[in-house]
Amino acid sequence: MAMHGMRGLSVFISDIRNCQNKEQERQRIDKELGNVRNRFKNEKGLSPYEKKKYVWKMLYIYMLGYDVDFGHMEAVSLISAPKYPEKQVGYIVTSCLLNENHDFLRLAINTVRNDIIGRNETFQCLALTMVGNIGGREFAESLAPDVQKLLLSSSCRPLVRKKAALCLLRLYRKNPDVVNVDGWADRMAQLLDERDLGVLTSSMSLLVALVSNNHEAYWSCLPKCVKTLERLARNQDIPQEYTYYGIPSPWLQVKTMRALQYFPTIEDPYTRRTLFEVLQRILMGTDVVKNVNKNNASHAVLFEALALVMHLDAEKEMMSQCVALLGKFIAVREPNIRYLGLENMTRMLMVTDAQEIIKRHQAQIITSLKDPDISIRRRALDLLYGMCDVTNAKDIVEELLQYLSSADFTMREELSLKAAILAEKFAPDLSWYVDVILQLIDKAGDFISDDIWFRVVQFVTNNDDLQPYAAAKVKEYLEKPAVHETMVKVSAYILGEYSHLLARRPGCSPKEIFGILHEKLPTVSTTTIPILLSAYAKILMHTQPPDQELQSQIWAIFNKYESCIDAEIQQRAVEYFALCQKGAALMDILAEMPKFPERKSSLIKRAEYSEADTAEQSAIKLRAQQQPSNALVVTDQPPANGATSPVPVGPLSLAMVPSMITTEDHTSTDPALSQQNGSLTKVDPQHPSADLLGDLLGPLAIEGPPGATVQSEYNAVSRLEGGPDAVDGSAIVPVEEQRNTVQPIGNIAERFHALCLKDSGVLYEDPYIQIGIKAEWRAHHGRLVLFLGNKNTAPLVSVQALMLPPAHLKMELSLVPDTIPPRAQVQCPLEVVNLRPSRDVAVLDFSYKFGTNMVNVKLRLPAVLNKFLQPIPVPAEEFFPQWRSLSGPPLKLQEVVRGVRPMPLPEMANLLNSFRLMICPGLVSPFI
Amino acid sequence: MGIRFILMVNKQGQTRLAQYYEWLTLEERRALEGEIVRKCLARNEQQCSFVEHRNYKIVYRRYASLFFLVGVDNDENELAILEFIHLLVETMDRHFGNVCELDIMLHLEKAHFMLEEMVMNGCIVETSKANILTPVQLLEKT
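Residue numbers (my numbering), protein chains in the order written: chain A, 1 to 928; chain B, 1 to 142.
The set of hints was computed from the structure by calculation and includes no laboratory data.
In this text, a Cβ means the ideal position worked out from N, Cα and C, and glycines have one as well.
The reader is advised that the hints may include incorrect statements.
Claimed, not checked - When the alpha-carbon atoms are kept at most 25 Å apart in a straight line, the in silico PhoX-like pairs for lysine-lysine are as follows: (1) A:K22 <-> B:K141; (2) A:K294 <-> A:K316; (3) A:K443 <-> A:K520; (4) A:K83 <-> B:K141; (5) A:K443 <-> A:K473; (6) B:K39 <-> A:K22; (7) B:K39 <-> A:K370; (8) A:K22 <-> A:K83; (9) A:K511 <-> A:K560; (10) A:K858 <-> A:K810; (11) A:K858 <-> A:K774; (12) B:K39 <-> B:K11.
Unchecked claim - Covered by chain A, according to a simulated footprint, are these stretches of chain B (three or more residues, beta-carbon under 8 Å): (13) 35 to 48; (14) 61 to 73; (15) 79 to 92; (16) 111 to 124.
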């Protein structure tokens with residue numbers, strides 16, 4: 001035996017095996033590594049046998065999780081050994097230790113090529129396998145034609161050709177631009193006539209890769225796939241070796257049906273009939289048998305057939321058979337089948353008309369939500385989430401709430417997020433929604449993110465008839481003995497704003513409300529205290545007639561916190577105390593918070609974002625795509641005042657502002673700005689609802705409602721960067737996010753604004769692509785690099801980037817490739833020359849295709865005026881002489897900007913610096 | 001779609017064979033093996049053979065003291081992979097005669113070689129035991 005001679009290796013492995021603990025193992029391995037290293041270093045002319053032995057030891061050590069940072073060269077050099085055993089070790093170990101970018105691989109290219117085009121079949125196989133596993137760009141460039149030739153060669157034996165097929169698949173997937181597959185449709189069709197099932201299995205994988213990219217080119221393969229499937233399903237001419245427990249290669253059957261799922265429809269009536277006959281046979285003829293392996297294999301085929309039928313979504317009769325089967329599966333005891341039943345039922349939700357039938361199984365699915373197996377519970381949760389609509393939301397959400405108390409910790413966060421989203425999307429009435437969220441906070445407070453309680457505050461604020469209800473409800477919760485801090489936050493906010501609406505009810509006098517709240521203060525952290533202080537100030541204001549005792553109590557609290565070490569608490573305490581002395585003025589300043597503008601629920605955004613990484617089309621994403629506007633209903637009506645208009649059934653809606661796009665633009669500047677000027681200490685710019693947090697916790701902006709403040713700041717910025725028109729005038733920049741079914745992640749305008757102030761960052765992102773930008777500026781020249789990153793395991797095709805430069809900019813974008821390979825990043829340099837100052841903004845018209853989605857976005861590029869500015873330092877005493885020596889416009893311009901929110905000088909200076917404007921300190925301005 | 005990695009782990013959680021079809025750094029491998037081994041070994045016989053981990057799935061099967069764990073994309077056919085594991089075990093059985101942990105440890109090169117004959121670049125290449133074992137037997141003769 002090959003390893004018989006390698007006694008050293010066997011001894012080493014036995015030693016490792018006998019190690020009592022990790023420490024012993026480490027010592028033994030360190031010793032061995034030292035030994036191998038020495039051998040490689042000192043003894044020139046190791047025999048191939050010795051090399052082989054040491055290289056195996058290295059692989060062994062590497063497998064155990066220890067770093068092996070030497071000896072790679074020796075492994076690679078074995079590839080060129082003349083004898084099979086050494087060569088084989090070289091190839092196998094190299095493909096385990098190295099990756100496609102490793103420099104040493106380059107050294108082996110020639111040997112590998114010689115092995116591939118050589119006459120020795122076994123060498124060919126070894127070489128093809130290694131290239132198929134780790135072959136990179138250079139391999140593709142030098143080997144692709146040879147591999148293609150081998151695959152089609154009639155003189156080549158199947159054992160080589162099957163490897164050539166998968167080798168080609170790798171080269172093509174990694175470098176679709178290098179491997180030319182034009183005209184391959186016919187060759188693929190020809191390959192599918194192959195009798196050898198090994199070659200057929202690999203060719204089918206290759207076909208899946210090709211078809212998934214461009215199904216139209218491969219129509220001619222469709223009937224061949226059906227024929228292959230028929231041959232397998234009828235067990236015609238299948239060698240015994242390829243039959244697994246009586247089933248003709250279940251893997252090839254599955255693969256073939258997978259390939260068929262990449263064709264949208266089947267038009268040819270004969271092919272169609274044949275396929276449906278085969279599918280019918282699989283659906284009806286798969287029985288449960290005793291032998292586990294046989295049962296699994298036949299059900300593997302059955303589940304793939306179900307997927308194919310769902311994909312074709314053609315025969316009503318067959319569809320109902322599928323639903324019936326799935327209904328049976330989700331009720332069986334066998335856990336694997338039940339898991340797959342639930343998983344496939346979730347996929348079934350996409351199919352038209354299936355929802356109603358699936359709903360009949362609700363009770364059964366809920367049982368699986370309580371299964372001891374977390375894999376099954378997750379599937380059940382996903383399915384329940386996907387099948388929820390207005391008719392069953394109440395039941396499903398109640399179930400989720402009930403389950404929450406006993407759910408394991410790993411699932412609670414997901415569970416509560418899903419319950420919150422469903423409650424928001426499908427609430428039959430708003431009071432129910434409030435009930436659900438409060439229950440969520442009560443039962444799983446630790447898992448309730450801030451977004452969830454922010455959202456309930458938004459709804460309560462915007463719906464007057466909800467306010468007394470919510471206030472009464474939170475008061476009930478507060479009276480419970482143990483209350484989660486999040487509950488204290490939401491209660492403090494709501495009671496501060498609306499508890500006066502309850503004043504006539506027993507136990508709800510300002511004093512009593514204050515008492516209930518204040519009881520919680522010793523138990524909460526510093527982030528909650530500011531909210532409590534605001535609530536006290538508001539309660540005090542609403543106390544009519546004034547209550548001297550309450551007043552002195554609250555003043556005492558403000559007094560106490562005036563010296564608090566936490567700046568936010570201290571500031572509030574000082575300001576509220578000062579305000580309270582002013583008597584009537586307090587009324588205006590502490591007036592009720594204004595209505596919130598409509599926004600897309602940050603919860604739903606978050607759910608979408610967290611899905612972005614998964615390859616699978618999960619239920620969340622599907623629903624989001626099917627019903628893009630469910631989360632918010634855009635109406636032009638102001639919110640219902642009082643109880644005059646009935647609360648709409650269905651998706652909830654917040655108060656309205658005229659246009660979605662402008663709203664997003666306005667609110668979005670807020671976080672970017674506050675990050676810049678830092679005046680809102682609490683704002684976390686990464687947080688999806690940072691702006692909301694600012695609204696809630698920012699009573700400092702007391703000049704007017706939050707919207708107005710934001711507006712004025714926004715103007716200040718936009719004027720500098722290119723006039724309000726550049727943003728508001730949708731004539732220049734039609735941001736077409738609405739039309740695309742693919743929603744961007746994050747706010748495009750916000751990203752643009754951020755990039756106006758810095759030179760690198762993300763310009764655009766959606767579930768498929770991320771566009772980053774990096775810029776350097778020198779005088780009137782700019783050099784930008786666009787980083788186009790494909791986030792998926794499938795390529796992005798039809799990629800197009802078109803520059804729409806304004807008249808004053810000369811722009812040259814280097815060639816953008818038509819296809820971005822999976823998980824690859826493409827860099828596209830862009831040269832900009834500014835010919836004259838202007839506030840117009842350049843636009844990048846970017847589009848790509850992913851699957852059936854055509855995505856097109858128009859993105860403003862941050863090549864804005866201020867980027868080309870060059871600050872000149874001027875000493876204070878020279879400033880006025882220089883200023884006076886300038887003659888007038890356009891050399892000299894003077895503008896007074898009003899309505900800017902006050903900010904500390906250093907922050908103002910920072911902001912201006914990031915606009916590349918020089919600050920000249922120490923001057924007394926003669927202008928104002 | 002495809003297989004991301006194949007692991008063989010004993011019930012103490014020690015890796016006996018690891019083959020990855022996407023490049024991971026050593027740290028990533030260590031972390032991944034630690035996490036999934038912990039997750040899968042804690043499960044009992046009554047639970048299903050699929051575990052969701054990050055954005056992919058583990059399909060696993062236990063044979064006496066040895067666990068076979070296969071990481072696959074989310075849309076892979078789980079039962080087909082489950083039976084593919086069994087095919088691998090049967091192939092090893094045919095070669096070693098009732099394969100055990102020690103066989104795999106002491107004949108790591110053969111185990112790797114069989115796997116190479118069965119899976120390439122995350123796709124199944126061959127499912128005939130005779131065809132899989134031919135090159136392995138060739139190795140013994142030389």
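Q | Satisfaction of hint between A:K560 and A:K511, Cα-Cα up to 25 Å | A | Satisfied, since the Cα-Cα distance of roughly 19 Å is no more than 25 Å.
(Q) Tell me if the straight-line CA distance from A:K858 to A:K810 falls inside 25 Å. (A) holds (18 Å)
Q) Holds or violated: are the alpha carbons of A:K22 and B:K141 at most 25 Å from each other? A) Answer violated: A:K22 to B:K141 is near 38 Å, above 25 Å.
(Q) Run the distance test for B:K39 versus B:K11: straight-line Cα separation, threshold 25 Å. (A) holds (12 Å)
Q) Are three or more residues of the region 61 to 73 of chain B within 8 Å, CB to CB, of chain A? A) violated (count 1)
Q | Restraint check for A:K83 with B:K141, where alpha carbons must lie at most 25 Å apart | A | With a Cα-Cα distance of about 13 Å, the restraint between A:K83 and B:K141 holds, given a limit of 25 Å.
Q) Does the structure keep A:K294 and A:K316 at a Cα separation of 25 Å or less? A) Outside the cut-off at roughly 30 Å; violated.
Q | Agreement of A:K858 and A:K774 with the hint, judged by alpha carbon distance not exceeding 25 Å | A | holds (18 Å)
Q) With a Cβ-Cβ cutoff of 8 Å, does the region 35 to 48 of chain B contain at least three residues near chain A? A) holds (count 4)
Q: Verify the proposed pairing of A:K22 with A:K83, using a straight-line Cα cut of 25 Å.
A: Roughly 37 Å between the alpha carbons, so the hint for A:K22 and A:K83 is violated.
Q. Given the hinted pair B:K39 and A:K370, is their alpha-carbon gap at most 25 Å?
A. holds (19 Å)
Q.
For A:K443 and A:K520, compute the direct alpha-carbon distance and say whether it is at most 25 Å.
A. holds (18 Å)
Checked against the numbered hints above, the structure violates hints 1, 2, 8 and 14; every other hint is satisfied.
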